[in-house]
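Line by line, the protein sequences are chains A and B.
Each residue of the first sequence is one higher than the last, beginning at 123 in the working numbering.
Each residue of the second sequence is one higher than the last, beginning at 21 in the working numbering.
The set of hints was computed from the structure by calculation and includes no laboratory data.
The structure displayed is predicted, hence computed values, not measured ones.
Do not take every clue at face value.
As the list claims (entries may be wrong) - With a straight-line Cα cutoff of 25 Å, these simulated DSS-like cross-link-like pairs (lysine-lysine) come out:
| id | chain 1 | residue 1 | chain 2 | residue 2 |
| --- | --- | --- | --- | --- |
| 1 | A | Lys186 | B | Lys48 |
| 2 | B | Lys62 | A | Lys175 |
| 3 | B | Lys128 | B | Lys37 |
| 4 | A | Lys324 | B | Lys47 |
| 5 | B | Lys45 | A | Lys324 |
| 6 | B | Lys45 | B | Lys64 |
| 7 | A | Lys229 | B | Lys37 |
| 8 | A | Lys186 | B | Lys32 |
| 9 | B | Lys37 | A | Lys324 |
| 10 | B | Lys49 | B | Lys79 |
| 11 | A | Lys163 | B | Lys79 |
| 12 | B | Lys128 | A | Lys229 |
| 13 | B | Lys147 | B | Lys128 |
| 14 | A | Lys175 | B | Lys32 |
| 15 | A | Lys265 | B | Lys48 |
| 16 | A | Lys163 | B | Lys32 |
| 17 | B | Lys48 | A | Lys324 |
| 18 | B | Lys79 | B | Lys47 |
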Amino acid sequence: MLSRKGRRWGADACVVGFSGGGVGAEFGDPLRERMVVPSLKLQDLIEEIRGAKTQAQEREVIQKECAHIRASFRDGDPVHRHRQLAKLLYVHMLGYPAHFGQMECLKLIASSRFTDKRVGYLGAMLLLDERHDAHLLITNSIKNDLSQGIQPVQGLALCTLSTMGSAEMCRDLAPEVEKLLLQPSPYVRKKAILTAVHMIRKVPELSSVFLPPCAQLLHERHHGILLGTITLITELCERSPAALRHFRKVVPQLVQILRTLVTTGYSTEHSISGVSDPFLQVQILRLLRILGRNHEDSSETMNDLLAQVATNTDTSRNAGNAVLFETVLTIMDIRSAAGLRVLAVNILGRFLLNSDRNIRYVALTSLLRLVQSDHSAVQRHRPTVVECLRETDASLSRRALELSLALVNSSNVRAMMQELQAFLESCPPDLRADCASGILLAAERFAPTKRWHIDTILHVLTTAGTHVQDDAVANLTQLIGGAQELHAYSVRRLYNALAENISQQPLVQVAAWCIGEYGDLLLAGNCEEIEPLQVDEEEVLALLEKVLQSHMSLPATRGYALTALMKLSTRLCGDNKAAILEKMPLVERDGPQADEEAKESKEAAQLSEAAPVPTEPQASQLLDLLDLLDGTSGDVQHPPPLDPSPGGALVHLLDLPCAPPSPAPIPDLKVFEREGVQLNLSFIRPPENPALLLITVTATNFSEGDVTHFICQAAVPKSLQLQLQAPSGNTVPARGGLPITQLFRILNPNKAPLRLKLRLTYNHFHQSVQEIFEVNNLPVESWQ
Amino acid sequence: MQFMLLFSRQGKLRLQKWYVPLSDKEKKKITRELVQTVLARKPKMCSFLEWRDLKIVYKRYASLYFCCAIEDQDNELITLEIIHRYVELLDKYFGSVCELDIIFNFEKAYFILDEFLLGGEVQETSKKNVLKAIEQADLLQESPKKTLSPIF
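One chain only, chain B, in its complex shape (with noise of 0.2 Å):
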């Protein structure tokens, strides 16, 4: 995966992870044209489109936006369920996920990314495993002294 982007049915960002090297400038401009791009498509339609040499695809949950850009030889049809599973993650540590919630705690949104794909890859496929590093997490960052017991 390329970077993942979420935002809302206005245009607005919600969160943004590039898993490539980009300049702010060049950021901006291609967050920009494919926000425009995404919003402009009919419910109707499917959720993949080519886009410069991308393949792009996008799921809307919601009023928020998924969208994932992922290259050649990658399957679309996991890609939906790479981001299935983060809404499902989501789901679980906010109980009920709406857009306020990821706008409130946009760091904690992040972080359970970062507990779930790395390097634009998936690196824990077990949604209990996820859930149980970032509980390890907010308990370290609550009680600094407290002796934790390795995540598993």
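Chain A extracted, bound-state conformation (with noise of 0.2 Å):
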């Protein structure tokens, strides 16, 4: 066994200054006056430089270093020359720049050592680059050591050719190469025949070179030659129609080979878990596929064959499990036998039970890829298929959605929905926009009953509002538009939804919508088809009051609602108006917002002929009705009671106090970017209360790595009052994962100039951020 410490490098020191080479250069003689500096050797330079503390400490120990390699270099010295060039890989793995060893490569490739030919080989590996000529240089030095007939030192020109090796240099050298594709030594020919390949990827033209020999190398037993020689052949099938032909004459032999394998006895020296040679078995299998493709006898010749792999393979291990996964792949992309397909995805679908998740992945991917093709053998593993959907890991659950969505069929839309609308429930936040608009779709398509289909867009805008498409509400409202039979049902469900919950924007602009068009329906009081509901004015139009006050309310928001209590002045007749008498609604005027009021007031003036209404939805418009009016009193707790009808009826909506005029909307503030981590502010000055400001902070992270345990804290100067209220979570996934959003409230009576200091911390990157700064460029509108 070779010690790990064994391997030193040579003499201690190296001479600098020295000029001349020669042997006889090692220190410690003391007849010979020279300078003679130690220079380290390449593990107490590791060390060295792991020793460093800083990023600016180990800079400085490498600089130092490779000024002496520099030297040593130009001095040409022979002797520790591997050494330094050692170091120098070492020191370019870390990232610092190594240009300088490139001709030391050729150097120490030409030298007769057999140490500098291993380090020169692996210094031309990693340093020297196709594109730059000097790579070229070490040709000859290739042809030289091919063909020198020392196996390790072919071993190395090989494999040097097939890393970095041009089209040029493979152009020069595939005489040499193919030369030893039939030497006697097995350790050479095996790796010739790799080179060959990699020769081949380069220039195509090689291949009728290395095509004549392959037959011959067919019929050798050693197991890497014959991996060789089978991935030589795939890469000449894949290339060329003429070698996919000449070749599909060896399927009976390749058949005979892997039935070989299969059969006899393992050798200890090629299995694993009690798998013959699995590396090879995959290579045949793969080759086998290329030649089965669209060929009939061949895929008869290989039948059988598949049939004993896929059923006699031992599938405990991940060894098995790959063979019998490129053995899926083949029947499923040859002309196989329908017995043998639904044998394949069979297998497929108990590759989905398996415990060990990286099988159920490929199974859920290749499942992905014949859910067209072989639709109704994918279909039988569907309830398999819905248990992946609760896989923890994101990538598989998201392969199971894909894959669920494709199997939604009409016989089974009602079964598919109720799971997928339960993962909708809990999945990941990356995931729900897909979920929802992949639910959305399936719905359209195979919807048993409209009901059923109003019910499964509900659920989905409840579920996951924020995260449907734009023409979720359009499609809802069309839909239920059209079907007057369950006009009354959905405005009730609507309305029960919205009671709960007013912050999913989508929902509540449908819901909205719908208590405009048929709040009749709904203080009817009847329903067939759900309990019955007694709602009456005061509520429902609290409840738009509410959307219409709410900060979470976008202006579109706030412009469904609008029209709503508009249409509803018109279709509601009650006395009792007190609810939406104490508050003017906040009404914002953003460009689009103002076009869509000015639309929806258009509307209703359709709606009420009598009553003046404001084209311009301004609030100074506003303003000009009340004069219109006479007798309101500034108190806004108890309006006076108003006599109702139809026309005063717009009025009496109208009917406010006097208030200040709404300010305008102020722009949102980007406070904070760190490596895609960002921080928004946005304000808004109730015009009930000038004292109060509200900020709505926003983080949002559209990096690669989650924020987890993210802390806001703010200050503000003693003459203002700070509340911060919870936020709403901790952690903000990456890649766009849901924001948190947290409240402040400042309470400024004097209008002192505001100021604000920050302080974040939260872990990213595995690393703990904290970051401490004053807002700058507060917006005036905030505090003055």
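Combine both chains into one complex, guided by the hints.
Now the structure itself:
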């Protein structure tokens, strides 16, 4: 056994400033006067680098050493060149430049010492690049080394050629490699064969050189040679239809080789977990796949063997499953008998139940590829696929989701939707959007009834409202609108959903629209399909108002709510409008919002011709309206009762006490960014409380790493009062996962200039991050 | 196989074998991004991921990640066996291998890999043969005057 500490790299010192080589340049000879500077052994250098406490220290050590190495190269010391290069290769791996070692590789390769060649060739593979002409300079050395018959040296040369050999080098050296294919030593032959594979990849025309020897090579018993040959034949067949046709005739021979492998007792030398040489088996199966594709006869010849491998391979360990997996891929790709195909799909189905999640992964990926061509066979495994939705690994549950969606059809749609909706409730955030849109699409294609369809969409909007696409709202309103028999049902369900939760914007929008349209049905009290619900106007209006008030509501949502209120005012005729008279709706005036409100105002105008309607959605216009009224008191809490009348209803709705004009919206502010993590502030000044400033802090994460343990703290000047509400969470998942939001309430009655200092702590990329900073560029509207 | 990377849990590169021609700059970029991606994976996740147009197969052994990039038509499960076989070879050579062995003897790690894979393909499926070849080469390095019998 070789000891790990056993390798030492030659003498301890190298001579600096000594020119004119020679083996006698060792240290310790007192008669020779020269400068002797001890150079580090490789392992000592490594230790020194690892001992550096900072990046700067490491850089210093390395720069110092590289200077020594450079000097040593300049002086042409042949004895220690290999050690110097080895050190250089180490620092190269750490990311430091090493191009000045390129020529040294050449010198070392040309040396007759094996130590030199070993390091020289390694250097060539790491430092020489086929884009630079320098790489061609080793061609001659390689040629010499290939022809000198020393096996380890030939091995080095072939390895280097197959790793970094450019097209030009391959053309030059093809004859050498060809000669080595049929040499006696298996050690060299197996390497020559794989070098030929590389050469064909670089210079496809060389196929003509390397095709003829294959037939003879296929008769070899040595596993390495056989494996290389099969890899070579595979490469030839993939590149040329003529070669493919040519090699079809070896299908029987390949079948025989594989059969021998699996039937004869295993050899300990080549087996893994009781499976004979799985690497070789997989390679043979892959070649069979290529040869059997679209070819009846070849497929026929391999049929029995494939069935045998599929049934007899030991599946207790990964090695056997690797072979089985390749077998399945081959069966599915060639013209196999129907029974064999079903067997293959069933193997994949069994893989889905395997405790090893890697096996489940390849099963899901493969089934996804087959779901179109072998739909009914895959359908049989639907229950198992659905089970995989519960996977904790997101890459598995994603595939399970894709596959599940592909398996939905008209007969299983109800059961499948149930599973998928359950999944939607608990799935990782980055899958929500795909799941939601997948469910909606499937619902559209296969909905058994309209009511079921509405229920499904409703559930999706409730569960994952923020993740649905924009057209979901329009689709649902259209669907409901067109199903007259379901108007009452829809409006009740939507009302209930809205009452529970007003944060999911698409749901709120649809609900508001629906209540506006069918509010009368809602209040009518009877609906056959669901429990009777007693709702009175006050509650409905209060709910819509709540939507208008909420800082969670988007401008578009407020538009929907406003429209609904306007519509209801013409449809309802109750006495008590107390609820809506208390506060004025907060109207924001972004560009598109203004258009929408103008549109809605026009709609409202059509609904009630009598009342004057503002054509411009501005608070000041509402004020003008109020001027038309008389007798409204400024008391917010107890407005006087007013006469109800259809035409006057709209006016009553807008009959509100004087309120200050609502301010322009304050622009958002991005205050922090680091490695894909961003912090944004948005500001609201509620008009009814001029001293109050609401700041919503949003933390987003577009990096590849999760942000965890996120805490945001804030400080303001003494004259202001700050209250932090609890954040929505402490984690922002990677790649645009659900952001954290947190509300700050700041009271600033004296209108003192706002200053805000933030302290963030969180974990990101396995590091704890702390940032303390003052927010610049706070808009003046936030405190004036 | 397009490339194999070995790196520590802190993201420090311990070995890089590239079987496709890429500039130094491209290699650095790929390495950086891939290391970040793999290190972000949770322990219970599967060993495969899709990255750019490649399939990545990775496995952690103690403090070292072994990470291979394979092509679309390559078999992920057998790649796991390739990784495992390489670890076994290192283990046999160094005697209970640990990350420090690979750090201090990185050139040996390359030599061993080069006796197992060639041009990104498996060249020798017998553990015995691979180890014998390395032994022969080490002997040749130590005493160049010794005449060697053919390796097999």
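Comparing the hints with the structure gives:
1. Lys186/A to Lys48/B: 23 Å, holds
2. Lys62/B to Lys175/A: Answer violated: Lys62/B to Lys175/A is near 29 Å, above 25 Å.
3. Lys128/B to Lys37/B: OK: Lys128/B and Lys37/B at ~13 Å, within 25 Å.
4. Lys324/A to Lys47/B: 20 Å, holds
5. Lys45/B to Lys324/A: Distance of about 22 Å is within 25 Å: holds.
6. Lys45/B to Lys64/B: Violated, at roughly 33 Å.
7. Lys229/A to Lys37/B: 23 Å, holds
8. Lys186/A to Lys32/B: 22 Å, holds
9. Lys37/B to Lys324/A: The given pair, whose Cα atoms are some 18 Å apart, holds under the 25 Å limit.
10. Lys49/B to Lys79/B: 21 Å, holds
11. Lys163/A to Lys79/B: 32 Å, violated
12. Lys128/B to Lys229/A: Holds, because 21 Å separates the two Cα atoms, which is no more than 25 Å.
13. Lys147/B to Lys128/B: 16 Å, holds
14. Lys175/A to Lys32/B: Roughly 15 Å separates the two Cα atoms, so the pair holds.
15. Lys265/A to Lys48/B: Distance of about 32 Å is beyond 25 Å: violated.
16. Lys163/A to Lys32/B: 22 Å, holds
17. Lys48/B to Lys324/A: Answer holds: Lys48/B to Lys324/A is near 24 Å, not above 25 Å.
18. Lys79/B to Lys47/B: At roughly 21 Å apart (the allowed maximum being 25 Å), Lys47/B and Lys79/B satisfy the hint.
Checked against the numbered hints above, the structure violates hints 2, 6, 11, 15; every other hint is satisfied.
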